[in-house]
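Asker: Protein chains in written order, with the working numbering: chain A, 1 to 367; chain B, 1 to 367; chain C, 1 to 367; chain D, 1 to 367.
This list has only true hints and no planted wrong ones.
One copy or two, either will do: identical chains are not told apart, so a pair holds if it fits within one copy or between any two.
List time: in silico DSSO-like cross-link candidates among lysine-lysine, alpha-carbon distance up to 27 Å:
#	residue 1	residue 2
1	Lys265	Lys177
2	Lys265	Lys214
3	Lys177	Lys214
4	Lys105	Lys335
5	Lys214	Lys105
What the hints contain is simulated information worked out from the structure, not anything from laboratory work. Remember, predicted model here, so these are calculated numbers, not experimental data.
There are 4 protein chains.
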Amino acid sequence: MTKTSIGVGLIGTGFMGKCHALAWNAVAATFAETARPRLVHLAEARADLAGAKAAEFGFARSTEDWRAVIADPEVDVVSIAAPNPFHAEMAIAAFEAGKHVWCEKPMATSREDATAMLEAARATGRVAVLGYNYIQNPVVRQMEAVIRDGVIGEVNHVRLEMDEDFMADPDAPFAFKNGADSGYGALDDFAVHPLSILWRLAGPVAEVMTDQAKPYASREGRPVETHEIATSLLRLRSGASGLLVANRAAWGRKGRIAVQVFGSKGTIAYDQERMNEFQLFTREGDERLQGFRTVLSAPVHAPYDRFIPAPGHGLGFNDLKVIEAHELLAAIEGKPARIVDFETGFAIEDTVHAMARSHRDQRWTAV
Amino acid sequence: MTKTSIGVGLIGTGFMGKCHALAWNAVAATFAETARPRLVHLAEARADLAGAKAAEFGFARSTEDWRAVIADPEVDVVSIAAPNPFHAEMAIAAFEAGKHVWCEKPMATSREDATAMLEAARATGRVAVLGYNYIQNPVVRQMEAVIRDGVIGEVNHVRLEMDEDFMADPDAPFAFKNGADSGYGALDDFAVHPLSILWRLAGPVAEVMTDQAKPYASREGRPVETHEIATSLLRLRSGASGLLVANRAAWGRKGRIAVQVFGSKGTIAYDQERMNEFQLFTREGDERLQGFRTVLSAPVHAPYDRFIPAPGHGLGFNDLKVIEAHELLAAIEGKPARIVDFETGFAIEDTVHAMARSHRDQRWTAV
Amino acid sequence: MTKTSIGVGLIGTGFMGKCHALAWNAVAATFAETARPRLVHLAEARADLAGAKAAEFGFARSTEDWRAVIADPEVDVVSIAAPNPFHAEMAIAAFEAGKHVWCEKPMATSREDATAMLEAARATGRVAVLGYNYIQNPVVRQMEAVIRDGVIGEVNHVRLEMDEDFMADPDAPFAFKNGADSGYGALDDFAVHPLSILWRLAGPVAEVMTDQAKPYASREGRPVETHEIATSLLRLRSGASGLLVANRAAWGRKGRIAVQVFGSKGTIAYDQERMNEFQLFTREGDERLQGFRTVLSAPVHAPYDRFIPAPGHGLGFNDLKVIEAHELLAAIEGKPARIVDFETGFAIEDTVHAMARSHRDQRWTAV
Amino acid sequence: MTKTSIGVGLIGTGFMGKCHALAWNAVAATFAETARPRLVHLAEARADLAGAKAAEFGFARSTEDWRAVIADPEVDVVSIAAPNPFHAEMAIAAFEAGKHVWCEKPMATSREDATAMLEAARATGRVAVLGYNYIQNPVVRQMEAVIRDGVIGEVNHVRLEMDEDFMADPDAPFAFKNGADSGYGALDDFAVHPLSILWRLAGPVAEVMTDQAKPYASREGRPVETHEIATSLLRLRSGASGLLVANRAAWGRKGRIAVQVFGSKGTIAYDQERMNEFQLFTREGDERLQGFRTVLSAPVHAPYDRFIPAPGHGLGFNDLKVIEAHELLAAIEGKPARIVDFETGFAIEDTVHAMARSHRDQRWTAV
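The shape of chain A in the complex, shown without the other chains:
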């Protein structure tokens, strides 16, 4: 079997830029069937950093001009991990240069930009993947299988919570994320993550009724313009009812994405803070022995087996990005791939925009 080697460009070397770099370094050694990508060109806006980051991350060339990456004929796919306001321009330029795109979420800071990105992806037919790595967790994949196989029956109710505490300190200074330019607040920062999982488990949301709240009205004397807390009632297209809450000011929560899915025959529950397990209750068997079981991640939950052949040893957050890279490469090769493409990503973000409109209008709002 001859395998095509893909040339990779990377724009951005911060939190998610490094995460992409780690994934590009690991994907071939993890997935035997995947051709080893060539790490061709890296862009980092700070000229003093670009060379060092290329050396660290194993890229052959570096630049401070992201357009050079996109122009590089050896680059087949571009990882976009630059700040959100740049996503649209970069992605559209990449598509127009014939490149595939792996862009961190959110697509853009405005619905107009996101629409333009989606249209560019459609027009060029290039592979267009958004960074929604939580759905790549083998445990989440197994929960999907549980639902698809009817183990918990028909889903009739869902609950989603996403909480962290980086905005929980009332005495912290006014920051970029406290200003209106940064977006809605917890709503766009967080809600897309549980919604991406919900999309896989129970499909799209039809209507939302949303409220937002500011735990701290001002910081350093300046009014806070974003909302740290968003709460929303959901009606799913399937008819199921639901709740979503996002909170950036939840002391003690660090990476909580808690999901509960109730069906006619059972229930599943999951918390990203314990990402190597999920809870399952089914109504089957001896009633005296029924209970929520804790299922630990294991080789039987593909593709956990590609990382570790022994059960219960645990994957990490960065491993999910490796799986995402593998799925992206599969898509480029024309194989079926389990990704959040621009179509789905746009729909997820549109759900968030509907929530914001619902809050503004104080009424149920269709997505």
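On the provided structure of chain A, position chains B, C and D as indicated by the hints.
Answerer: Just chains B, C and D now, with coordinates in the frame of chain A:
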């Protein structure tokens, strides 16, 4: 010290009737300062059962006519544990006969009846206590102290979930609770419980935005008229935001009342299914050692010490009723008591009625 | 059905005395088939307390002389909750007076005294029950059923831990329990509890290899004579291997009795600090969905249903004593009863004595 | 800063071979200060696999003869992930060729071979690291800091459990691990792992009293020669008492390494199945609010921050190997490194040999 001995009447010998009986038998042995009540008169509508239940429960006399209990001059306080539709008539008659009343929740099946009960309580000045035993948990009392003492700072967000699964089976026959005569569904069956805890922890609700859902549209070919699931956005009078969900069809949940309270300095979490512990996070101390701690119930959490002098040994559901009986007796003696009186109980139930109106009108509704 | 009413005497009104009193007050109201016992006579060595305790606990008469209780012709059964050194004299006197005995563990402070008690019980044929309430937990009973029904196959390995922290503070003054007069230390204070559970789940111990340790050699300048920590290898008569550890100096543990039982088809785990649940793993079904399940106590786990008809609401430590009282009354009526009688209790305590000998001799020791 | 680039050779491409390969691919991108190693030469005994594995893992050359890797002048360090019986020959050859060695545990299948390896390491002065990745967990490192900083006071008692279930099925066929040639059984397969953690937390073991057991005497009619279960009493050199148990036949346990460490001021607990958290109890502060806290792994627990800048997102098993590679490279550069070198590894394995002797002799045995 001479202690007054209170004469007790009991109406009803089912689930909660037995629970009251156990509490009346235990309260004096548990709380040394409490005079041993005299178990005077018991009413059970089924004539064939009344005598046997009196013998079991230790009551001196029995009757099939509840009015005989109320008319009994030796009875000072009446436990009302009869079906909900009878509460109003019984309580009002008891008040008018000069008795104190300990009535199971809800007060009544209509707001009009509840209003009449409240007015009778006010008019006679008798002690009027509703059965909200969950707030009597020493762990809940400690959570109140945590908040009152400012340990988690100012509360800005709350989440309440109450779930059981006795209506989860789609194949179960049409039952009384599926008909409109039984009330709203999960809303009035469940929501008052977490709301009573919320009342203690963060005060009253000002506005609600509620949705209700039917996981199963029909049973045995008959349309289901009640809603097994209710979801609600909350705005508290304090300004805090919140969520409440109640679900009678949540497979695997048996007595879950999950409470999360977020403050400016910390977070508390509680689940009634593990009623002898709560979780506390505070932002204090070495950041490398911060985390949610599991606090086990112990003698330092009064009045746990009255039951067991050793920590971590655990109280049970029925013990909470013993504490409630003790508080009731304190109220009768004119001492400060930690109870849900008819005023507060009426307000809690009114919150539920506001939720039902919100669902009907599809808009934010003031309580 | 005519039911015999049993006359009860109680000696001791401390921790366990009160626990017995609560059980005697509750047993008839909890178990409908049980005749209401008459609370006849209470002994409390402190004359100033005896009358008050009788009033609190509902006993008709009181005395400061325990012999008066035993001599009382209306007393049929004597609860012995006096300090351990008195158990032998009291129990033997009670048997000789023709009374049934419900004695707190341990039987006695010496093997000789325990032997005499056992012989008195045998000679008189009276019902002789020791206070081992942990085995009365419906959850423990269900674990027994799991094993008896072969759900986890043949048991091949067990682990027992009992930990509290009341001796954990190195700066606490020298106390009675630090002196050799009080016994071995954690070994006799704690080990009998997990051994009583083990007895029900996997049968008796054949051989032990034990070590004891003193975390703090002295207190207030006086050498500590007892051992706060005992560790033991076990070989069960069934052939299973095992471990037992008891620690009175385990910071943070409050009432931990952790039990793990491994079998050829599954595993169960339990912790008394969460006494309303146990964990069960079986190798059955889809491997992708296997995991330890948390089974919550429920009415299907008899006799939970006698306390509460709804699942997941939770029993408490004191409720276990009510069940024990019920079993005792059953034994008195000649029915099958689930108790630790003097034969079994003697064997359990003998296991502890063998552990002490093993520690002394530093070798495997037969029980 | 000029950084030296290390040339890497890898022998073996199975479970641990792949784990090494992933680490070599990731280490430079994870740790900015680490020079990117050159992946030079890979040996895989199966000629048909060698080339493919080199391509997958990113090695420049491949061979079916491990001696070629050791002879390669471009190779500076050799990863030995071949079956245990080959470790000694390979490691000694590597040392003699002037290479550094990173060898999977156990060192060898006999104490003689291990001794020879240790002597070769000493004689050549090359860096000699054993694969004990569990100690590299930032959570374990934080537990060390907790103890070193006196947060839980002086350690007086420890408990170690390691359990998996790959030998739990009584109906599985007779396998290599059931024969005496494979070693002792759970003792050498598992015990070194918790002992390596213990070494970091509380130092070496002085004396052991060990028992071993066979849950299933035979498989396919052949007597099982190894012991799936080992239990051991421990006396640490520090004077602390302890327990260790290892079980390869523990249904439902998948990668459990449960550690409890008790001190004079607090307690820590850890379970490798939830490797991103540990439990801490300290006796400090308001007694009503004390409890075991769950500390989630976070950037404040170095070097978690090198993988993810956000707390609570979770590392995986393979990430621990990346940390180990980084420490190995530090050792090669002459910097302080947190590793299990051959000296320590030999001592850990010697503890296991002492346990086997103790079992044979049925008595306390010095390490």
